[in-house]
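Asks: Using the sequences provided together with the hints, build the complete structure.
Chain order of the listed sequences is S and B. The working numbering numbers the first residue of the first sequence as 1 and each following residue consecutively. The working numbering numbers the first residue of the second sequence as 1001 and each following residue consecutively.
No lab work stands behind these hints, which were simulated from the structure alone.
Quick list of the computed label-pair ranges, beta carbon to beta carbon:
1. T1260(B) <-> S84(S): 53 to 61 Å
2. S1168(B) <-> D76(S): 27 to 35 Å
3. I1004(B) <-> D86(S): 33 to 41 Å
Just so it is clear, CB atoms sit at the ideal spot from N, CA and C, and this is done for glycine as well.
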Amino acid sequence: MSKILVEVENLKTYFPVKSGVFKKTTAYVHAVDGISFKVNEQETFALVGESGCGKSTTGRSILRIIEPTSGKITFDGDDVLKLSKDEMREKRKDMQLIFQNPYSSLNPRMTVKKLLEEPLKTHFKMSQKEMDEQVLWIMDKVGLSNDQLERYPHQFSGGQRQRISIARAIISKPKFVVADEPVSALDVSIQSQILNLLIELQKELKLTYVFISHDLNVVRHISNSVAVMYLGKIVEKGLTEEIFENPMHPYTQALLSAVPSKDPLKKKKRIILKGDVPSPINPPKGCPLYLRCEKAMDICKENNPLLKTMDGTHETACHLY
Amino acid sequence: MKTIIGIIKELIKDPMGKIGFIGVLVIIILSVLAPIIAPYDVTEMFTQDKLTGPSSQYFFGTDNFGRDVFSRVIFGAKVSLRVGIISVGIAASFGLIFGVVAGYFEGKVDNIIMRFMDILFAFPSILLALFIVSVLGPSITNTMIAIGIVNTPVFTRTVRASVISVKSMEYIVSATSIGLKPKNIIIRHIIPNILAPFTVQATLALSGAILTEASMSFLGLGIQPPDPSWGSMLNESRKYMETSPWLVIFPAIFHYFYHTVIQYFGRQLKRRIGPKIKAVGGDLWKIYWK
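Replies: Following this line, the structure appears as structure tokens:
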């Protein structure tokens, strides 16, 4: 078994809700509510879930772009949350973020060359020549040509822009990359190109990914293990095949039943969840899925189930098991 | 450079823009060439030709001291433009610093800066300018300082609002995630993206500053005699207005021309560069320049 690179323990990120004249904190949005997982070196760990379930917040909390409320994040042996601001800035060289929307994540006033040189200028003391070499190397790696260096982001297509933003994230040669829905803003035909690029880069540069997505087909294609999130909590996690072949939590089953089948003639039973996601400001005491779940029992109303190991690496949080 | 030429080309497509652009060019040329254009020295008195009407010798006539009104109007233009540009420069620099600090750091710093700006804003601008000049003493430098201070809150507000809007863009998060220091994020990512509304604000403030200067000089607390200023010329000629109307008409026409032309220029500039910025810099313009 390979080495664990990132370990998240009981991570919580709450956002204060302020109201009234004096901006008093009246409540908290429980965006990420006590989640734990481990990411092995050179593997891809996927976080899936519907909009607003806290997957992006989790990704950003690991990188401390959003300060988590509590918990422990170990990266390569260091406790990330104990680092000072300056130490954290240095650490960012090794942990990077790829954004969802390549239309807003690149400064419109900087040329590609400047965008790519910026991480190098920030973290390394390099001569212009060394920097030029690095920039050309990364341009080649992400499949862009050198004559595009002096162009501005708006002169590129969506796919090309995402290549630029990937290049910008990995030019400092990080070990760990959080990819926050890197393909969901792109056309399907471009999606596969970018996914394959990410897989190639992972092999070549020995990267470890946390891959955030709501597209289950994409997740199945790219990840080694998966965690399914619902209302700020992990409801099921395990190896990708375990989750896709044998989903145990009713929420995971419902999610998977929503994936369009490759064969349009094949009849499939859709599990449709009733109602809405409860508000993360005041999460219910029992299981968050209680009101929507077909298999809900009395205990679900009172007790919030904890993650239980089913077999080997497969864990799920449900009273059924 | 290319974009500047592009904006000018766009600007002169519209008749209003054309008037504004050509007018501003004329103003700049008149001010630069004032010593060549003006036939006489501004303080030279032709005592035998007091209060004579417009003629081929004195295009705009002479005043009660026998000074050539045409020369004084031309030099007054130079003074106005200088006061305008320098005072707007003062306001813009302080506005940029305060606005960026308030918008970027928010919280307490923001509150302190913005409440102070609110205090400055609460006074009618001419009253505040007169107050500052009466404390510092009337002179051309103090007039510029006063007009600069009066205009600072407007710039601070514009800049702060733009900074807050740009700050929420994902490329700022991206800069943070790369590990940039706040100083570099501000200089490299925020300021370049707020320059457009800032430039437009500066153009519009220029005509306001010229107007304030004229009002202050008219009240005797701006440019001091014998230096020519349209405001002080109007003031001095009040007594002779009925018998020698040219003393009032020409400075007033020039003043009107300057004010209008710069306003046209500013407004059209705002219209022209608005959509372009939207295409590359997000929805900043939707909020502030509707």
